[in-house]
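Trainee: The primary structure of each chain is shown beneath.
2 protein chains.
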Amino acid sequence: MIFTSMKNPHIREVLDLKERKERDRQGLFIIEGYRELFRAHLGKVQLKSLYICKEFFLKENEEMLIQEFATKGVVVYLCSPYVFEKISYRDRPDGLIGIALQMHKGIPELEQLLEKKKNHFLLIAEGIEKPGNLGTILRSSDAAGVDGVVICDAATDLFNPNVVRASVGTLFTQPIFETKTEEMLTFLQQKTISVVAATPHAKQEFTEADLTKSVAIVVGSEQYGLSETWMNKCNIQLRIPMLGVADSLNVATATTLLLYEVIRQRRSV
Amino acid sequence: MIFTSMKNPHIREVLDLKERKERDRQGLFIIEGYRELFRAHLGKVQLKSLYICKEFFLKENEEMLIQEFATKGVVVYLCSPYVFEKISYRDRPDGLIGIALQMHKGIPELEQLLEKKKNHFLLIAEGIEKPGNLGTILRSSDAAGVDGVVICDAATDLFNPNVVRASVGTLFTQPIFETKTEEMLTFLQQKTISVVAATPHAKQEFTEADLTKSVAIVVGSEQYGLSETWMNKCNIQLRIPMLGVADSLNVATATTLLLYEVIRQRRSV
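Taken in order, these protein sequences are the chains called A and B. Start counting the first sequence at 229; every next residue gets the next number (our numbering). Start counting the second sequence at 229; every next residue gets the next number (our numbering).
For the record, the hints were derived by calculation from the structure and aren't laboratory data.
Copies of the same chain look alike in the list, so a pair counts if it fits in one copy or across any two.
Think about it this way: if two alpha-carbon atoms lie no more than 30 Å apart in a straight line, the pair counts; the simulated DSSO-like pairs of lysine-lysine are: (1) K282 x K246; (2) K345 x K333; (3) K461 x K431; (4) K314 x K249; (5) K408 x K344; (6) K276 x K235; (7) K246 x K314.
Chain A extracted, bound-state conformation (with noise of 0.2 Å):
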């Protein structure tokens, strides 16, 4: 059976979704295209039901996907062109939309990851409020190979489509925990990793700082910067040189640039 219809129930199960409420109410979210659920299988997130439509294919494996999916269990349904066009999210769909149940994490969790690593490599990002945002910089905590991100008093949810795709799909391969920023001060001082952060009164260069040991890199949000807490309990200030006219850069970017700098020095101790 192939569904034509914007008007049965599982189609209207997706629609309903694109909705933070009713994503947080039946703790499910969306994740369309073809690398996305290729990570979320990776990243063992539980699939509830995959939409798919052939017509849209990039030939990129999907069978085989469907096929891994389907022995879990995953329900699999056939959609029109027309339909599959109404769901998805995207201006070039590929013929790939899944239901998926969220994953939540805290500090407990966190705890256990960190008691099997030494010289801790973490990204807190706090009051993030665009999705796109957050998603580069999961894409970008994934290419530096952080031990895990931390989101703090988040103000979009984890499990925005735009997050999901921004990401890239980075979303289910990498641990990812949410928390208050007090329990997590708490903790990063239990642990001694120091908190480093981005300000441009700053002294010293984000290149001078030695970032070679146990370090907690901290963005806030796109509009406020980081808040007065975060910037208050900091170990290690930094500044990103500014040259221009602009007084700071994209968030997604200046947390890239600290990450990096986090590695290329511990590649050169």
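Following the hints, put chain B in place on chain A, whose structure we already have.
Mentor: Just chain B, lined up with the frame of chain A:
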């Protein structure tokens, strides 16, 4: 007189410019926001008219900025909050929208600029598709103090409202040139400026190559990366370490890494 109706022909003018076709045809575009208009003023961008709604002002010195424009002959229109919200692109409008004349520069202007400089530092963006990425790239190139930005074979127009916005107005304060790939390649060869590109296949990491001489960093489109034409003519190939599952960074974050590596190296020489 305050505009209260969406049918007012001056209001229609703003709405029309949301379409690229109309921007191209009229050679005009929209600049929204205090910060953006302030930078447009700094950059001597010529405004045609200014739409204001005092109810939305954030008390930034709006009156002075309006006065500055008015003395230059810019027509100022007052709008009701209802109308202003409708013509605004923003979730939180700040009461200022300008219509400005497009600025276009090419190779002759670039040549002029470089005559006054040594050790050139250019950024070339080829075929960027998303206005947000192009704007973020401009925000970073301003911060990195490049001599100029060259847009080759643009896939989005420089005057898209989201370019203006993501660039936080730095589109107006730095020299930007538009040209075709072939023309630019010839120019770079004449000037013996090294073409630098990132590719996963490069042997050198981006922090290892010498970027202290005259360089043009070239970045390509989100979907396809840099074209073969550019890649083949490249003098220095670099690799950005990718330590996770994804095989590339967002184009704006990758660009920023390369730009700031040039700064780091030149400062430590």
